[in-house]
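A.B. asks: Sequence:
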Amino acid sequence: MSKYGPGPGELKFRLAVGILGLLGLVGVVAWRGMPSGPAFFEIILIGGAFFGGTAVLSYRALRRLDREDSDA
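For the sequence shown, the numbering used here assigns the number 17 to the initial residue and increments by one for each residue that follows.
No false leads were mixed into what you were given.
Computed spacing ranges between beta-carbons, pair by pair:
#, residue 1, residue 2, range
1, Phe56, Leu81, 34 to 40 Å
2, Gly69, Gly43, 18 to 24 Å
3, Glu84, Leu61, 31 to 37 Å
4, Leu61, Asp82, 27 to 33 Å
5, Leu73, Met50, 24 to 30 Å
For lysine to aspartate or glutamate, the following EDC-like pairs were computed, each having C-alpha atoms within a straight-line distance of at most 16 Å:
#, residue 1, residue 2
6, Lys19, Asp85
7, Lys19, Asp82
8, Lys28, Asp82
9, Lys19, Glu84
I should point out that these hints are in silico values taken from the structure, not numbers from a laboratory.
Ideal placement from N, C-alpha and C gives every residue a C-beta, glycine not left out.
Let the hints inform the model, and build the full structure from the sequences given.
C.D. replies: What follows is the structure, encoded as structure tokens:
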């Protein structure tokens, strides 16, 4: 990873926020039920894509960072 990218601490924070956000979405759906209409698109698809994408991209960056450290 370049020297200008986020460090491992920030990537771990992003991963934690992504996972907590997904858990929050699951909790809200379990508590209030599955939304319908435009709320489904807004809550499930946009929120899930944001938090899921944050978690996946942060995890991939952490793995790449660990791989580069072990090669050096």
